[in-house]
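Engineer: One letter stands for each residue in the lines below.
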Amino acid sequence: MIQQVIAIIILLFFVVKLGREWKKKSISLNEFIFWLVFWLIGVLIIAFIKPIDQIVMNLGFSSSGINLVFYLAVLFLFYLIFRMRIRMVKLEKDITDLSRKITLK
Amino acid sequence: MKVFCVIPAYYEEKNIAKVIQKVLDYVDFLVVIDDGSKDQTYNEAIKIKSEKLKVLKHPINLGQGASLQTGNEYAIQQGADIIIHFDADGQFLAEEIKKVVNPIIEEKADIVFGSRFLEIKSDIPRFKKNIIMPMAKIFNYVFFGIKTSDPQSGFRAMKAEIAKKIKIENNRMAHCTEILAKAHKHKLKIKEVPITVLYEEFGQKFSGGLKIIKDLIFKKISN
Numbered sequence: 001m002i003q004q005v006i007a008i009i010i011l012l013f014f015v016v017k018l019g020r021e022w023k024k025k026s027i028s029l030n031e032f033i034f035w036l037v038f039w040l041i042g043v044l045i046i047a048f049i050k051p052i053d054q055i056v057m058n059l060g061f062s063s064s065g066i067n068l069v070f071y072l073a074v075l076f077l078f079y080l081i082f083r084m085r086i087r088m089v090k091l092e093k094d095i096t097d098l099s100r101k102i103t104l105k
Numbered sequence: 106m107k108v109f110c111v112i113p114a115y116y117e118e119k120n121i122a123k124v125i126q127k128v129l130d131y132v133d134f135l136v137v138i139d140d141g142s143k144d145q146t147y148n149e150a151i152k153i154k155s156e157k158l159k160v161l162k163h164p165i166n167l168g169q170g171a172s173l174q175t176g177n178e179y180a181i182q183q184g185a186d187i188i189i190h191f192d193a194d195g196q197f198l199a200e201e202i203k204k205v206v207n208p209i210i211e212e213k214a215d216i217v218f219g220s221r222f223l224e225i226k227s228d229i230p231r232f233k234k235n236i237i238m239p240m241a242k243i244f245n246y247v248f249f250g251i252k253t254s255d256p257q258s259g260f261r262a263m264k265a266e267i268a269k270k271i272k273i274e275n276n277r278m279a280h281c282t283e284i285l286a287k288a289h290k291h292k293l294k295i296k297e298v299p300i301t302v303l304y305e306e307f308g309q310k311f312s313g314g315l316k317i318i319k320d321l322i323f324k325k326i327s328n
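Protein chains in written order, with the working numbering: chain A, 1 to 105; chain B, 106 to 328.
Just so you know, these hints were derived from the structure itself, not from any lab. Treat each hint with caution, since some may be false.
Here are the simulated DSS-like cross-link-like pairs (lysine-lysine), alpha carbons at most 30 Å apart as the crow flies [said to hold, decoys possible]:
#1 B:270 x B:159
#2 B:272 x A:90
#3 A:93 x B:290
#4 B:242 x A:101
#5 B:272 x A:105
#6 B:269 x B:290
#7 A:101 x B:143
#8 A:93 x B:203
#9 B:292 x A:105
#10 B:107 x A:105
#11 B:159 x B:252
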């Protein structure tokens with residue numbers, strides 16, 4: 001129970017930070033909504049970890065709900081890294097094209 | 106036939122003037138691309154007064170592959186017939202330019218690669234010769250179906266029309282494999298000629314080889 005409370009406080013801290021970034025206009029509305037939903041899902045998962053454990057067991061997994069959440073989180077992080085890498089490659093290409101244009105002008 | 110030479114240079118203030126002067130005797134036009142060096146590379150290059158020389162400078166460092174592509178595009182704009190790629194560090198011999206260009210002039214090849222391994226003239230470091238190069242050869246063969254005696258040679262010549270087809274997209278050192286792969290893909294007449302390389306220091310390290318593999322994989326994924 002106490003761990004759940006601590007985890008939710010930490011997640012709420014991220015939500016507050018997110019709200020500040022949104023207020024400073026350093027992130028777009030889409031980005032704000034995405035991360036807000038993301039952290040709120042996290043809060044819901046932690047708040048209802050027992051029923052999730054039950055669902056996970058019913059699905060035939062041997063591990064507990066929190067472990068499954070970790071596995072999914074790691075997968076999600078890998079996906080984000082992959083997306084960022086693709087974006088970086090595109091940015092690098094744009095910078096190269098621009099620099100070349102300036103050089104050949 | 107207008108023979109252009111492209112020399113990418115990055116932090117080469119000590120060598121660039123010597124290399125330019127040697128190469129100018131063997132080509133119709135020389136393009137030097139300073140790849141955003143913060144030293145005197147650009148100033149040393151522009152000190153040489155010649156109508157056959159153009160010195161360009163990237164506003165930021167992009168990598169050797171990107172510099173070669175910039176040079177190719179400049180050469181094509183200026184009406185080049187043959188484009189040579191040459192290094193700025195003085196490793197290659199300018200007098201061997203003829204040897205690399207001749208198969209194209211004689212219509213025996215569309216693209217010619219200088220090879221350090223066809224004749225045992227170059228004093229190649231053992232680790233590079235026995236470990237790095239065989240691994241690079243295997244990688245090129247397995248992933249790109251390329252058989253070549255020297256997978257990482259930076260001394261090459263190609264018809265300008267071929268340079269239009271082979272757009273170098275790998276900014277950094279993976280361009281060597283990329284050019285080879287595209288030459289095979291376009292079913293070009295490829296020839297290798299023996300060249301001499303003067304090794305003053307070790308050159309491409311093992312970590313550099315791994316970086317090339319990483320660049321090639323990510324380029325493949327992101328395309």
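Engineer: Could you grab the alpha-carbon distance between residue 269 of chain B and residue 290 of chain B and see if it respects the 30 Å cut-off?
Structural biologist: holds, 14 Å
Engineer: Holds or violated: residue 272 of chain B with residue 90 of chain A, Cα cutoff 30 Å?
Structural biologist: Measuring from Cα to Cα gives roughly 16 Å; hence the hint holds.
Engineer: Taking only the CA atoms, is the gap from residue 101 of chain A to residue 143 of chain B under or equal to 30 Å?
Structural biologist: Judged against 30 Å, a Cα distance of about 20 Å means the pair holds.
Engineer: Does residue 270 of chain B pair with residue 159 of chain B here, judged by a C-alpha cut-off of 30 Å?
Structural biologist: Between residue 270 of chain B and residue 159 of chain B the Cα gap is close to 24 Å, so the pair holds against 30 Å.
Engineer: Within 30 Å, alpha carbon to alpha carbon, are residue 159 of chain B and residue 252 of chain B?
Structural biologist: violated, 35 Å
Engineer: What's the verdict on residue 272 of chain B and residue 105 of chain A, does the C-alpha distance respect the 30 Å limit or exceed it?
Structural biologist: Satisfied, since the Cα-Cα distance of roughly 19 Å is no more than 30 Å.
Engineer: Does residue 105 of chain A lie within 30 Å of residue 107 of chain B when you go C-alpha to C-alpha?
Structural biologist: holds, 22 Å
Engineer: Would the pair residue 292 of chain B and residue 105 of chain A pass a check requiring their Cα atoms to be no farther apart than 30 Å?
Structural biologist: violated, 33 Å
Engineer: Straight-line Cα separation of residue 93 of chain A and residue 203 of chain B no greater than 30 Å?
Structural biologist: Outside the cut-off at roughly 34 Å; violated.
Engineer: Does the structure keep residue 242 of chain B and residue 101 of chain A at a Cα separation of 30 Å or less?
Structural biologist: Violated: residue 242 of chain B and residue 101 of chain A sit about 35 Å apart, past 30 Å.
Engineer: Holds or violated: are the alpha carbons of residue 93 of chain A and residue 290 of chain B at most 30 Å from each other?
Structural biologist: Satisfied, since the Cα-Cα distance of roughly 22 Å is no more than 30 Å.
Hints 4, 8, 9, 11 from the earlier list are contradicted by this structure; the remaining hints agree with it.
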